[in-house]
Amino acid sequence: MKIIPVACLEDNYAYLIVDESTKAAAAVDPVEPEKVLAAASEVGAYIDCVLTTHHHWDHAGGNEKMRLLVPGIKVYGGSMDNVKGCTDQVENGTKLSIGKEIEILCLHTPCHTKGHISYYVTSKEEEDPAVFTGDTLVSIHIT
1 MKIIPVACLE DNYAYLIVDE STKAAAAVDP VEPEKVLAAA SEVGAYIDCV LTTHHHWDHA
61 GGNEKMRLLV PGIKVYGGSM DNVKGCTDQV ENGTKLSIGK EIEILCLHTP CHTKGHISYY
121 VTSKEEEDPA VFTGDTLVSI HIT
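Under full-length UniProt numbering, the sequence shown has 116 at position 116, and the numbering climbs by one with no breaks.
These are calculated hints, taken from the structure and not from any lab test. There are no misleading hints in this set.
With a straight-line Cα cutoff of 20 angstroms, these simulated SDA-like cross-link-like pairs (lysine to any residue) come out: (1) Lys2 / Glu101; (2) Lys124 / Thr22; (3) Lys74 / Ser97; (4) Lys65 / Glu34; (5) Lys23 / Glu125; (6) Lys74 / Glu101; (7) Lys100 / Ile73; (8) Lys84 / Glu64.
Label-pair distances were calculated between CB atoms; the ranges are: (9) Lys23 / Trp57: 26 to 32 angstroms; (10) Ser79 / Gly44: 29 to 35 angstroms; (11) Val131 / Asp58: 16 to 22 angstroms; (12) Glu91 / Trp57: 20 to 26 angstroms.
All C-beta atoms, glycine included, are put in the ideal place defined by N, C-alpha and C.
Sequences are here, hints too, so could you generate the full structure?
Dropping the structure here:
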């Protein structure tokens, strides 16, 4: 499993999670799709899904453009959030996978928004796990 941070906007990051054995990848909060697709291309990966942590524009704002640039891509988002461009809703406990090696557990983590989802990612290669929390730790308000 390879995790690639992609700088977006002035102070945000999107992330690529790449299954190195198949080159399948997920994009986490790809607010600037062109930058994320370029990062995937640099490592020979292809993005087959988007993991959206919550509905705010600085996280979900690139979803519709990703759908235009990558026809057929799945865009995941929380069932309690109105995620722009979402094709498939997830709930606490939903399980997803990337390629052959990566498993993802969706966790409902309301704090910043009522429908916020964090993604707990593990690899069959027993590498260290990762969690993508979006703005879970930012509890300024719940919308």
